[in-house]
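Number of protein chains: 2
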Amino acid sequence: MALGKDYDYAAQECSIARALEIIGERWTLLVMRDALYGVRRFNHFAEHLRIPRAVLAARLRSLTEAGLLEKHRYQRTPPRHEYLPTERGRDLWPVLRSLGLWGRACPPGTQPLRTFHHARCGTELGSYGECPHCATAVPPCEVETRPGPGAVSAPGDPVGRALRAPRLLLQPFEIEDPM
Amino acid sequence: MALGKDYDYAAQECSIARALEIIGERWTLLVMRDALYGVRRFNHFAEHLRIPRAVLAARLRSLTEAGLLEKHRYQRTPPRHEYLPTERGRDLWPVLRSLGLWGRACPPGTQPLRTFHHARCGTELGSYGECPHCATAVPPCEVETRPGPGAVSAPGDPVGRALRAPRLLLQPFEIEDPM
Chain A
-3 MALGKDYDYA AQECSIARAL EIIGERWTLL VMRDALYGVR RFNHFAEHLR
47 IPRAVLAARL RSLTEAGLLE KHRYQRTPPR HEYLPTERGR DLWPVLRSLG
97 LWGRACPPGT QPLRTFHHAR CGTELGSYGE CPHCATAVPP CEVETRPGPG
147 AVSAPGDPVG RALRAPRLLL QPFEIEDPM
Chain B
-3 MALGKDYDYA AQECSIARAL EIIGERWTLL VMRDALYGVR RFNHFAEHLR
47 IPRAVLAARL RSLTEAGLLE KHRYQRTPPR HEYLPTERGR DLWPVLRSLG
97 LWGRACPPGT QPLRTFHHAR CGTELGSYGE CPHCATAVPP CEVETRPGPG
147 AVSAPGDPVG RALRAPRLLL QPFEIEDPM
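Going down the list, the protein sequences come from chains A and B.
Take the first sequence: its position 110, counting from 1, is numbered 106 in our numbering, and each next residue is one higher.
Take the second sequence: its position 117, counting from 1, is numbered 113 in our numbering, and each next residue is one higher.
Honestly, the hints are just simulated from the structure, not real lab data.
For each residue, glycine too, the CB sits at the ideal point set by N, CA and C.
Among the hints, a few may not be true.
[Said to hold, decoys possible] Just the calculated beta-carbon pair ranges, DEER-fashion:
#, chain 1, residue 1, chain 2, residue 2, range
1, B, Ala131, A, Arg72, 49 to 57 Å
2, B, Gly146, A, Arg72, 42 to 50 Å
3, B, His129, A, Thr73, 51 to 59 Å
4, B, Arg157, A, Thr119, 40 to 48 Å
5, B, Pro162, A, Tyr70, 48 to 56 Å
6, A, His68, B, Tyr70, 50 to 58 Å
7, B, Arg69, A, Cys137, 48 to 56 Å
8, B, Thr132, A, Thr73, 53 to 61 Å
9, A, Gly105, B, Cys117, 30 to 38 Å
10, B, Ala53, A, Arg72, 53 to 61 Å
11, A, Gly156, B, Gly105, 34 to 42 Å
12, B, Ala53, A, Thr132, 39 to 47 Å
13, B, Ala131, A, Leu164, 22 to 30 Å
14, A, Arg69, B, Gly105, 27 to 35 Å
Using the sequences and the accompanying hints, generate a full structural model.
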């Protein structure tokens, strides 16, 4: 847990502290970001995040235990699993959106690396994840992500390459698994 | 920095990773939460967060260096400083709001410890800190925080006690400094 067990959450009376207890650990939010992008398989998380495999295994386990991801077997022999975001996991979308919007502006003047749009009408989402055109909150399954003007380098991993084209959040990646 | 210097942010092409580099470190978001509540003085942060003083000093320093807090001298002899959130720091409000709203729901059925309202109209804020009634983003200076039905214990520190009554964010606490 990110804040240590000696931390008195009850005395803090704060849902932010509670949230950080679950998702404040290093890598956790980036794993959830990838899960919302549609990443489901261990190797794809590992390649896209460049995260040590032991750390990734631990994070996937604790996110599954915390009810943010659900583990499904997609192949019987040899057994292979994938991780899908639960409703609780998908509910992190506003956190990821607001974090991303804040991070976009550092350093000031930075071009966005990625933009997010309401898939139905193409309008870029507003600062609270709403569609200004349709005047509604937009759930992640209706969000299209597109590479922004700040995206310059060419990522070498399959997930990074797939994300160079517009795509819906939560849509699984069609990537051949070498293993 | 939270993710370590070996982490290749540029390859990640992600503003969330950039944001976590600055605010992903343990305690940092809770220090910024308190700063948005209106906490300005070292002792008040220390008492309310129950954070080791050396860790607090390090976080205040790095947040000041990162441009999220600004250090002001409010007393000449002996010299005393306070920390005020900059515009960049106040821009974290949607992140804190969405994190808090997400954390409120764990475990499911939890009563809110604190609610946040648009001070002008009293409407409870939406998931990104927007006012659903006025259909606008609400800056933290227009946000009123109120103790929610889940707030049961009586915090012993002066900031915690002051937060048991409705109050505007960013408003400085009128607390006698014992030092």
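Results of checking the hints against the structure:
Evaluation of the 49 to 57 Å hint for Ala131(B) and Arg72(A) yields a pass: the beta carbon distance comes to about 51 Å. Hint check: Gly146(B) to Arg72(A), Cβ distance near 45 Å, so the stated range 42 to 50 Å holds. The given range of 51 to 59 Å is respected by His129(B) and Thr73(A), whose C-beta atoms sit roughly 57 Å from each other. In this structure the supplied range 40 to 48 Å holds for Arg157(B) paired with Thr119(A), their Cβ-Cβ distance being about 46 Å.
The beta-carbon spacing between Pro162(B) and Tyr70(A), approximately 51 Å, falls within the hinted interval of 48 to 56 Å. Against the hinted window of 50 to 58 Å, the Cβ-Cβ separation of His68(A) and Tyr70(B) comes to about 57 Å, which satisfies the hint. Between Arg69(B) and Cys137(A) the Cβ separation comes to about 51 Å, which falls inside the hinted range of 48 to 56 Å. At about 56 Å, the CB distance of Thr132(B) to Thr73(A) agrees with the hint of 53 to 61 Å.
The supplied range of 30 to 38 Å is met by Gly105(A) and Cys117(B), whose beta-carbon atoms lie about 35 Å from each other. Checking the proposed 53 to 61 Å range against Ala53(B) and Arg72(A) shows it holds: the Cβ atoms sit about 56 Å from each other. Under the hint 34 to 42 Å, the C-beta atoms of Gly156(A) and Gly105(B), about 39 Å apart, fit the expected range. Between Ala53(B) and Thr132(A) the C-beta distance comes to about 45 Å, which sits within the given range of 39 to 47 Å.
Ala131(B) and Leu164(A) have their C-beta atoms about 26 Å apart, which keeps the hinted 22 to 30 Å range intact. Between Arg69(A) and Gly105(B) the Cβ separation comes to about 31 Å, which falls inside the hinted range of 27 to 35 Å.
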